[in-house]
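Enquirer: Going down the list, the sequences are from chains Y and P.
In terms of my numbering, the first sequence opens at residue 1 and continues consecutively.
In terms of my numbering, the second sequence opens at residue 1001 and continues consecutively.
To be clear, the hints were calculated from the coordinates, so they are not data collected in a lab.
Heads up, some of the hints might be wrong.
[What the hints assert, rightly or not] Pairs of lysine to aspartate or glutamate, DMTMM-like flavour, derived with a Cα cap of 20 Å:
# : chain 1 : residue 1 : chain 2 : residue 2
1 : P       : 1047      : Y       : 44
2 : P       : 1047      : Y       : 251
3 : Y       : 47        : P       : 1055
4 : Y       : 6         : P       : 1197
5 : P       : 1047      : Y       : 152
2 protein chains.
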Amino acid sequence: MVRYAKRLDRLNSSDIGDLLKLIARPDIISFAGGLPAPELFPVEELKQAGIAVMEEMGSVACQYSSAEGLPQLRQKLADRMAVKNNIKATADQILITSGSQQGLDFAARVFVDEGDVILVESPSYLGAINAYKACEPTFVEVPTDDGGMVMEDLDKILASTENVKMIYVIPDFQNPTGRTWSLERRKKFMEIVNKYEIPVIEDNPYGELRFENENMPALKSLDTKGLVVYLGTLSKIMVPGFRLGWVCANDEILEKFNTMKQGADLQTSTLTQMQANKYMDLYDLDAHVHKIREVYKHRRDVMMSAMEEYFPKEAKFTHPDGGLFTWVELPAYINTKEMALQCLEKKVAYVPGGSFFPNGGKENYFRVNYSCMTDEKIIEGVKALAAVIQSNLKK
Amino acid sequence: MVRYAKRLDRLNSSDIGDLLKLIARPDIISFAGGLPAPELFPVEELKQAGIAVMEEMGSVACQYSSAEGLPQLRQKLADRMAVKNNIKATADQILITSGSQQGLDFAARVFVDEGDVILVESPSYLGAINAYKACEPTFVEVPTDDGGMVMEDLDKILASTENVKMIYVIPDFQNPTGRTWSLERRKKFMEIVNKYEIPVIEDNPYGELRFENENMPALKSLDTKGLVVYLGTLSKIMVPGFRLGWVCANDEILEKFNTMKQGADLQTSTLTQMQANKYMDLYDLDAHVHKIREVYKHRRDVMMSAMEEYFPKEAKFTHPDGGLFTWVELPAYINTKEMALQCLEKKVAYVPGGSFFPNGGKENYFRVNYSCMTDEKIIEGVKALAAVIQSNLKK
């Protein structure tokens, strides 16, 4: 009889994977995924970039390349982080990963042994939680409010918890809540982290999708002790199907990630790295991001208006300044996993919130995505959701 | 102070990564890598396939897709395994990975807890050994001879060793030795494995690069109990820079690999999967493989002749029927790591053999690659190697 490793006891086929299958049903209005809008992809430009790469350096694009990634692409990402996030880093402090999901997986493998503690926002990104589970950690959830992680709670937890090996946070337009930390909280966070000297994984897939107000500096830009590992990705601003993300960390930490990369898959695709790099040579990524931001902002507005108009007052939800998601809280007696089945009958889907709490026990939330639907579908879907919620309320 | 996970104590930046850097020096005649010959890549055809994908289904190629991989590509690989390896499998029994290196990494994570035993051929592929080390196993090396793994030793080791969780083998044109198992050994192997019911990782990157004699059936084709996990790759027959490999296993085992994939990087690049799939729709992969096989056969012949002519009789080496490597054994008093530095002075490189023995202690071997050099360079390099070996022999 085949025996499996103990770490598998903690893992199930992830909710994300199952949900991607649901999304494939064309009759469903899906607020479930976190997919960018496919009609906005720069398909023609990426095609031209691909042609240029194959004509100019085809045999290089087809060959193996270094684990760290394409030097020119790493330099561009370093330059971009300087402008967008106020992060000062060299190309050598960047590792190209197969999406930022791979950075999440490596983070746990670099820092966490069985039984070690990972601190996460409550709630946090379920794809990260699932990746981390393979290292058999204990999760401690840090309370959040409308401004993000609550710093007083963080300080108390760090003061009283042994073996905390890393803190995982998404300070900008968090997945699932859409919330963003204020500058004051960011400074306070780094003050606390510096006191305890715990590595921080700062996951920032949505930072450039800001619809209003000012950009916040990345935690990494406030990091004076080399504690912050920053994860970036091209998935939400350029193209997810190329699987291009990156890790930025100080030299010592990045070397550990590079070692992981060699064992995990040798390197990220040479072709997709060169094609994305060439796209940035030939075209204006900022202009593209500006365009998709306008569309997502509009869809956010449509969704917020519809939820305000149709949702019963018992349903509370966040008002994100950017990103792809809003987060709905229902009365504690409603189980959103059960309600999801009623919603599927009405042909509308969301992600039940329970999986975003690693220690479970909170089933009255759900996540809603607004990035890849037409106005009409958003309104129709919100109306259907509202009706199902209404029917679940105690009179 | 930042603390790292215990698993990192076992890992160093891999020899392969360091070697890929050496190869980059244009003045070196490198027999070190395992790189396919870049002048043989079907660059124009892959370019056309990329154009077709972007024009016909560009927004699909740019979007997220399923963890398991593109259904059409998985079907083609299932069909190909049936013809080339006598393996009967459905598309659903295949997971697309980011190169077969990712399959190696997942294998250990699926089957191996800290302290569990992995059996490997002695010597075995160092990229697998390094990937496995992240799961903190104990390696037991099974002796090999010119015909591959010695079955009597395998049986004895399995009878007397606790907690063997998997057996890793490369039966065709092994890396590093170039050796191939006979049909008789394959049958005996499956008989023994069936007795103990231990999962087998059959790694077959080079099987289609056979220069003479008959194809051997894959172990997977002889597997009656669903114990064999087969790893294939397009790296050596089509294009390594796309990072496309696959895992083929029975339903229960494959489900565990699929779960690992979701956590590790969600999915392999949609674009490179669709581009490789389109290449196979538009062009004749078999004809391409035939072409590269002829070139590699010629280079193998050139290298064998040169080694027979110039190497001192104290240097013994294998005569591979296919694949990319030959394996050289020197007298036990010669340390090939130290000799590698002398060779670099003469501008020729190989991989010292020590790292291919996970438990160490054998430093008088080295691996030689013949796939990506001109005839002249092969002869010049072998002459230089021969001179250095000669100078290290005791008079």
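Enquirer: Each hint needs a verdict: does it hold in this structure or not?
Expert: Here is how each hint holds up against the structure:
no.: 1; hint: P:1047 <-> Y:44; result: holds, 15 Å
no.: 2; hint: P:1047 <-> Y:251; result: violated, 37 Å
no.: 3; hint: Y:47 <-> P:1055; result: holds, 8 Å
no.: 4; hint: Y:6 <-> P:1197; result: holds, 18 Å
no.: 5; hint: P:1047 <-> Y:152; result: violated, 56 Å
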